[in-house]
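Enquirer: One letter stands for each residue in the lines below.
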Amino acid sequence: MEFNPKTKSRGDRLFDVVVYTVLAIVMLATLYPLLYIVSASFSDPLAIVKGRLWLWPQDVTLESYRKVFRNPDIWMGYRNSLIYLVVGTAVNIAMTTMGAYALSRRDLKGRHALSLIFTFTLIFNGGLVPTYLTYKNMLGLYDNLWVMVIPSAVSVWNLIVMRTYFQTSIPYELQEAAFIDGCSNVGTLVRIVLPLSMPIVAVMTMYYGVAHWNSYFPALIYLHDHSRLPLQMIIRNLLIQEDMSNMAGGDGASLMDQILQAEGMKYAVIVVSSLPMLIMYPFVQKHFVKGVMVGAVKG
Amino acid sequence: MTASSERPAARTLLPRSIRKNWDLYLLVLPVVVYFLLLKYLPMYGIQIAFKDFSAAKGIWGSPWVGFKHFERFFDNYQFWTLIRNTLEISIYQILVAFPMPILFALLVNEVRGKWFKKSVQAVAFMPHFLSTVVLVGIVMAFLSPSTGLVNQAIRLFGGEPVYFMTEPQLFKSIYVFSDVWQNMGFSSVLYIAVLAGIDKSLYEAAMIDGASKFRRLLHIAVPCLIPTAIVMLIFQFGSIMDVGFEKIFLMQNDLNRSSSSVISTYVYEIGLLGSQFSFSAAVGLFNSVINFGLIVAVNRIARKSGTSLW
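Top line first, the protein sequences correspond to chains X and C.
Sequential numbering of the first sequence, starting at 1, is according to the numbering used here.
Sequential numbering of the second sequence, starting at 300, is according to the numbering used here.
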């Protein structure tokens with residue numbers, strides 16, 4: 001029988017058609033809602049409510065954004081979220097790097113036991129209420145900056161990924177050479193290992209950073225003071241509890257107008273709060289993929 | 300820490316090795332302290348599930364009451380509703396949301412054009428970076444009965460508007476399918492990586508044998524994915540009692556509560572909102588223990604088939 005990989009059988013061609021069609025549909029189904037939100041945020045709320053908006057902005061206006069940016073809570077939330085992101089991620093990276101480096105070293109006695117102790121927390125934990133009581137009453141983690149930083153200081157998963165990276169991607173001979181030259185462990189980590197680990201540090205920074213930016217659960221439970229709330233809690237009030245009244249209203253607008261304005265602001269709030277992630281996205285995407293791969297290699 | 304368990308010969312060596320590497324132990328110390336204080340100390344607090352916790356007496360000083368709170372939970376009229384909702388959402392999730400990334404990865408793997416392949420993946424990842432709050436906000440905006448896009452489309456075709464968010468029967472589907480939309484692309488990365496690592500000669504051999512593209516997918520790509528899929532499935536089963544508080548809590552309202560109350564939201568309600576600390580801790584512990592048992596059991600079954608977590 002003649003065999004020629006260049007010619008496709010009819011079945012194979014049909015197969016290709018199905019594959020490309022399904023993927024095209026998936027792509028559209030993912031993209032459409034996102035495009036709609038952006039378009040809606042630039043549209044006159046009346047056009048949205050009347051159902052004239054399907055894809056492109058209708059009666060383009062920046063009114064919704066103006067309203068959102070005039071809101072002091074949004075600014076406050078942005079500022080708080082940025083602080084939590086920067087401080088939190090710095091602590092994350094420092095802790096994870098130190099722990100992962102120590103665990104990667106064969107001469108650390110009891111490292112298997114430590115790994116086990118750490119990993120156990122993945123499958124068993126104190127549960128919501130004992131954790132809450134311990135944090136609040138015993139550790140003083142309540143209504144302050146630290147409750148947004150300390151409880152998530154180390155992720156076991158990232159610790160393991162980073163340890164594996166140190167073990168597999170950095171030749172141990174390099175470290176030994178440093179020791180012979182009289183370098184301490186800390187010196188080796190800072191001067192030899194870290195400079196060679198920038199890809200994984202970048203991946204970790206992004207993992208932790210996105211998690212901080214998107215988190216609302218610790219704030220819901222441990223933050224009472226309104227002025228400390230992160231952006232996610234602020235937009236939760238606006239988007240989900242639909243508490244737009246103090247935002248839209250004011251200057252003698254009728255109830256109907258307020259409802260309309262709130263409608264447009266919903267979409268602007270979504271865009272504004274997701275903007276940092278969406279701007280980062282193109283730069284971040286390939287690193288994220290790499291991060292998942294590194295994690296998967298571990299097995 | 301391990302010094303005492305070593306044999307005598309090693310004991311004399313250990314202090315010196317620690318002395319030599321003291322800064323290494325210093326590096327790992329903060330991480331150890333972190334796990335002890337922030338993860339293991341709350342486990343010590345679990346005892347309040349067997350006590351009548353009073354803030355004045357503290358965790359240690361409160362009186363023991365045995366299984367009182369557990370019995371109260373089992374007799375609770377909501378017990379079966381909570382269990383059923385928790386299981387239903389989890390199983391729905393496993394049946395629908397779990398296979399999607401695998402199917403998606405298989406399809407992406409068949410694409411030859413680099414540009415198309417890259418764009419499909421880039422687009423499919425995107426929703427993963429939205430926060431839960433934003434995702435639920437989007438879902439609610441789209442499904443709104445008066446202004447939402449979905450209902451406008453329904454009205455356009457002459458249908459009656461559907462009150463999606465307040466309809467208990469629809470809650471679980473909205474939960475699961477919004478999850479598919481958000482996470483399918485990103486969860487597929489792992490599977491795509493596995494598929495990219497398949498030995499090309501397998502495909503060439505199959506082609507020479509005259510296997511069609513579909514057969515190659517079925518007999519080469521799918522079997523290569525199975526070990527990875529099993530590990531992921533174990534994880535899923537391990538958290539079967541643990542459907543996410545974050546999203547359900549945000550999607551919940553008084554009208555859909557009959558199908559959206561799950562153990563994690565119940566623990567929050569009675570514990571933190573209702574201040575019944577001991578009762579809530581008992582419910583939480585019951586949940587954790589079942590979860591723990593599940594992951595151990597599932598792992599044991601999986602080990603018989605040759606793939607397991609430990």
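Think of the hints as simulated: they come from the structure by calculation, not from any bench.
A quick note: this is a predicted structure, and the numbers were derived from the prediction, not measured.
For each residue, glycine too, the CB sits at the ideal point set by N, CA and C.
Possibly wrong hints are sitting among the right ones.
[Said to hold, decoys possible] BS3-like, lysine-lysine: derived pairs with alpha carbons at most 30 Å apart:
| no. | chain 1 | residue 1 | chain 2 | residue 2 |
| --- | --- | --- | --- | --- |
| 1 | X | K109 | X | K136 |
| 2 | C | K413 | C | K546 |
| 3 | X | K67 | C | K413 |
| 4 | X | K286 | C | K603 |
[To be verified] One side only, chain X facing chain C, incomplete, derived with CB under 7 Å:
| no. | residue |
| --- | --- |
| 5 | D12 |
| 6 | G51 |
| 7 | F124 |
| 8 | V190 |
| 9 | I192 |
Enquirer: Decide, hint by hint, whether the structure agrees.
Expert: These are the hints, each one checked on the structure:
{"no.": "1", "hint": "X/K109 <-> X/K136", "verdict": "violated (34 Å)"}
{"no.": "2", "hint": "C/K413 <-> C/K546", "verdict": "violated (35 Å)"}
{"no.": "3", "hint": "X/K67 <-> C/K413", "verdict": "violated (43 Å)"}
{"no.": "4", "hint": "X/K286 <-> C/K603", "verdict": "violated (37 Å)"}
{"no.": "5", "hint": "D12", "verdict": "holds (5 Å)"}
{"no.": "6", "hint": "G51", "verdict": "holds (4 Å)"}
{"no.": "7", "hint": "F124", "verdict": "holds (5 Å)"}
{"no.": "8", "hint": "V190", "verdict": "violated (11 Å)"}
{"no.": "9", "hint": "I192", "verdict": "violated (14 Å)"}
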